Amino acid sequence: MKLISFYLILVFVSWFDCTLAQPKVDPNGYNTFYHSNGNISSEGNLQEGKPNGYWKTYYSNGVLKSQGNRINFELDSVWKFYSDSGLIENEIRYKNNKKNGFSNVYDSLGNLVSTCNYIQNQKNGEELIFYPNGSIKQRTSYNQGRKDGNSSVYNESGIVILKEDFVEGFLNNREEVNRVDVDGAKTGLWKEYYDNGKEKWVGNFKNGKIEGIVREYDSKGRLKKLNKFEKGIIQEDAEEVIFVVLHREYYKTGELHLIGGISNNKKQGLFREFDKDSNLINGYIYVNDSVVGEGMVDSSSLYIGDWTYYFSNKQVKATGSYSKSVKVGEWKYYHSNGELEQIGTYRNGIPEGEWKWYHRNKQLKRKENYRKGKEDGISLEYDTLGILLTEGEFIEGIQDGVWFYNVGDHTEEGAYADGEKTGIWEFYYTINQEKKELAFKGEYINGIPLGKHRYFYPNGKLKEEGKYDSGMKEGDWKKYNADGQLILTILYKNGIEFKYDGFKFKPGLDSIE
Numbered sequence: 001m002k003l004i005s006f007y008l009i010l011v012f013v014s015w016f017d018c019t020l021a022q023p024k025v026d027p028n029g030y031n032t033f034y035h036s037n038g039n040i041s042s043e044g045n046l047q048e049g050k051p052n053g054y055w056k057t058y059y060s061n062g063v064l065k066s067q068g069n070r071i072n073f074e075l076d077s078v079w080k081f082y083s084d085s086g087l088i089e090n091e092i093r094y095k096n097n098k099k100n101g102f103s104n105v106y107d108s109l110g111n112l113v114s115t116c117n118y119i120q121n122q123k124n125g126e127e128l129i130f131y132p133n134g135s136i137k138q139r140t141s142y143n144q145g146r147k148d149g150n151s152s153v154y155n156e157s158g159i160v161i162l163k164e165d166f167v168e169g170f171l172n173n174r175e176e177v178n179r180v181d182v183d184g185a186k187t188g189l190w191k192e193y194y195d196n197g198k199e200k201w202v203g204n205f206k207n208g209k210i211e212g213i214v215r216e217y218d219s220k221g222r223l224k225k226l227n228k229f230e231k232g233i234i235q236e237d238a239e240e241v242i243f244v245v246l247h248r249e250y251y252k253t254g255e256l257h258l259i260g261g262i263s264n265n266k267k268q269g270l271f272r273e274f275d276k277d278s279n280l281i282n283g284y285i286y287v288n289d290s291v292v293g294e295g296m297v298d299s300s301s302l303y304i305g306d307w308t309y310y311f312s313n314k315q316v317k318a319t320g321s322y323s324k325s326v327k328v329g330e331w332k333y334y335h336s337n338g339e340l341e342q343i344g345t346y347r348n349g350i351p352e353g354e355w356k357w358y359h360r361n362k363q364l365k366r367k368e369n370y371r372k373g374k375e376d377g378i379s380l381e382y383d384t385l386g387i388l389l390t391e392g393e394f395i396e397g398i399q400d401g402v403w404f405y406n407v408g409d410h411t412e413e414g415a416y417a418d419g420e421k422t423g424i425w426e427f428y429y430t431i432n433q434e435k436k437e438l439a440f441k442g443e444y445i446n447g448i449p450l451g452k453h454r455y456f457y458p459n460g461k462l463k464e465e466g467k468y469d470s471g472m473k474e475g476d477w478k479k480y481n482a483d484g485q486l487i488l489t490i491l492y493k494n495g496i497e498f499k500y501d502g503f504k505f506k507p508g509l510d511s512i513e
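For the sequence shown, this note's numbering gives the first residue as 1, with consecutive numbering after it.
If you're looking for bench data, these hints aren't it; they were derived computationally from the structure.
This structure is a prediction, so every number in the text was calculated from the model and none was measured.
For each residue, glycine too, the CB sits at the ideal point set by N, CA and C.
Some hints here could point you the wrong way.
[Said to hold, decoys possible] Quick list of the computed label-pair ranges, beta carbon to beta carbon:
1) Gly101 / Asn361: 49 to 57 Å
2) Val167 / Asp26: 50 to 58 Å
3) Lys200 / Gly349: 50 to 58 Å
4) Glu230 / Pro458: 33 to 41 Å
5) Gly329 / Ile136: 23 to 31 Å
6) Lys356 / His247: 53 to 61 Å
7) Gly329 / Val167: 14 to 22 Å
8) Lys356 / Phe498: 47 to 55 Å
9) Glu391 / Ser219: 41 to 49 Å
[As the list claims (entries may be wrong)] Heads up, simulated DSS-like pairs for lysine-lysine below, C-alpha to C-alpha not over 27 Å straight-line:
10) Lys266 / Lys186
11) Lys473 / Lys421
12) Lys163 / Lys98
13) Lys479 / Lys421
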C-alpha cells in the first residue's frame with residue numbers, strides 16, 4: 001500500500017500514543033489529550049473511536065504541529081504542518097483520502113520551496129521550485145505522476161540555464177543554455193524565449209562573442225532569419241544561411257523522377273520517387289546527399305509500410321513499419337557493427353509488450369514490459385558481462401516498491417512510492433564481496449531528502465554527515481578523513497554555504513572572512 005504522507009503518519013501515531021495515556025476517552029465526541037507536561041497534545045472529534053472531523057496536534061511546547069479535517073474518516077480539504085517554532089512546513093490538500101489540489105513545501109524560515117498540483121495522489125500540471133528570495137528556480141510539467149513535457153531551470157536572475165524534455169517520465173532531451181565562464185563571459189549555447197515559451201533566437205558564444213549560425217523565429221516558432229557570425233561580426237551572404245530550395249530530377253524521356261529539397265547543392269530531407277507513369281513508388285530521406293532512410297510514402301508524404309534506416313556507412317540502423325507515419329508492429333534497431341541493439345513492438349505508435357536491448361557483444365542489456373506505452377512490471381538491466389545493474393518494478397509507468405542499483409563501486413537499495421524516493425535508502429561498497437560495507441544512509445519523503453544523511457569510507461569510517469531541512473542542506477555539515485578525523489565543517493543556511501570552519505563565506509567571491 002502506497003504512503004499517503006509521512007507527516008500524517010506522525011499525526012496518527014501522536015494521537016494513538018495520547019489515547020494510551022488518557023484514562024477517559026469519549027469514543028463519540030470531542031476529546032482533548034495532553035503531554036506529560038500538561039500541555040495539549042491533540043484535540044478533535046472521535047466517532048466510533050476513530051478520528052473524524054477537524055483535528056489539531058501540538059508539540060510539547062504548546063506550538064501547533066498540524067491541523068486538518070476528515071470527512072467520513074478520510075482526509076479532506078487543507079492539512080497544514082508546522083515546525084516546533086510555529087512556522088508552516090507543509091500545506092497539503094486532500095479529497096477522499098488522496099492528495100487533490102495544490103501542495104506546498106516551505107523551508108525552516110517559512111519561505112515557499114515548492115508547489116505542485118495533485119490529482120488522485122499524482123502530480124499533474126506544473127510544479128514550481130523557488131529560490132529563498134522567491135524567484136523561480138525550476139518549473140516542470142507533470143502528467144499522471146510522471147514528468148511529461150518541458151522542464152526549465154533558472155538562475156536567480158530569471159534566465160533559463162537548463163532545458164529538459166520528458167516523454168511519459170523518460171528524459172528525451174537535455175540541453176544547458178545561457179551559461180557564462182569563470183570570467184563571466186557568455187559561453188556555449190544561448191537562447192531567448194517569447195512569453196509563450198517559443199524560441200526567439202538561438203546562437204552560440206565563445207569567449208563572450210557570438211559565433212556561428214544565429215536563428216531568429218517569430219512567436220509561432222517559424223524561422224524568419226538566419227545569420228552567420230565570426231568572433232561577433234556578422235558575415236554577409238554566407239553560404240550556410242541559404243534556405244532549402246525545391247529540386248527536381250527527370251528521366252531522360254522527360255518524366256519526373258525525384259522531387260525534394262536541396263541546400264548548399266546537397267539533397268536534404270524527404271525525396272519522393274516516381275516511375276515513368278507518374279506513380280509514386282518510394283520515398284528517401286537524405287542528409288547532405290546521403291540516403292539515411294527509405295520506404296514507401298503516400299500522396300500526403302506520410303510514411304507507410306516497411307522502412308529501413310541507415311548509418312552513414314550504409315549499415316542498417318533500424319527496420320520497421322508505419323501506418324500514416326505512426327510506428328506499428330515489430331521494430332528492430334541495430335548497432336553500427338550490425339548486431340541487434342533493440343527489439344520490440346509498437347501499437348499505434350506506442351510501445352507494447354516485451355522490449356529488449358542488447359550490448360554490442362550480444363549480451364542482454366535491458367528487459368522491460370510495456371502496457372499502453374507505459375512500463376509495467378519488472379525492469380532488469382545488465383552490464384556487458386551479464387552482471388545485474390538494476391532491478392525494480394514499474395506500475396503504469398511509475399517506479400514502485402523496492403529498487404536495486406549496481407553503480408560502479410557501490411550498490412543502492414531503497415523504495416519508491418508514486419515514482420519518488422521514500423523511506424530509508426542505503427548504499428553499500430562492492431569492493432569486498434564477502435562483507436557489505438555501508439557507504440551511505442539517508443531518508444527521503446516524496447523524493448525530498450530529509451533529516452540526517454551520512455556517508456562512509458570503505459573502511460567503515462564516517463566520511464561526511466549533515467542534515468536536510470525541506471530538501472535543502474541546513475546547519476553544520478562535517479567532513480572527515482579516512483582516519484575518522486574532522487577536517488572541515490560547512491555551515492549551510494537554506495541550502496547555501498554560509499561558513500567554512502567558522503569563517504563566513506561570501507557567495508560570488510573566492511574568499512572567506
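Quick rundown of the hints versus the structure:
In this structure, Gly101 and Asn361 meet the distance hint of 49 to 57 Å, their C-beta atoms being roughly 51 Å apart. For Val167 paired with Asp26, a C-beta distance near 54 Å keeps the hint of 50 to 58 Å intact. Separated by about 31 Å at the C-beta atoms, Lys200 and Gly349 break the suggested range of 50 to 58 Å. The hinted range of 33 to 41 Å is not satisfied by Glu230 and Pro458, whose Cβ atoms lie roughly 52 Å apart.
Taking the beta carbon of each, Gly329 and Ile136 are about 44 Å apart, not inside 23 to 31 Å as hinted. As the Cβ distance of Lys356 to His247 is approximately 41 Å, the hint placing it in 53 to 61 Å is violated. Restraint check, Gly329 to Val167: a C-beta distance of roughly 21 Å satisfies the suggested window 14 to 22 Å. Against the hinted window of 47 to 55 Å, the Cβ-Cβ separation of Lys356 and Phe498 comes to about 50 Å, which satisfies the hint.
The given range of 41 to 49 Å is respected by Glu391 and Ser219, whose C-beta atoms sit roughly 47 Å from each other. Distance restraint check for Lys266 and Lys186: the Cα-Cα separation of roughly 33 Å exceeds the 27 Å cut-off, and the hinted pair is therefore not satisfied. The suggested pairing of Lys473 with Lys421 holds, with an alpha-carbon distance near 17 Å, which does not exceed 27 Å. For the given pair, Lys163 sits about 31 Å from Lys98 by alpha-carbon distance, which is inconsistent with the 27 Å threshold.
For the suggested pair Lys479 and Lys421, the alpha carbons sit about 25 Å apart, so the restraint of at most 27 Å is met.
Hint violations for this structure: numbers 3, 4, 5, 6, 10, 12, all remaining hints satisfied.
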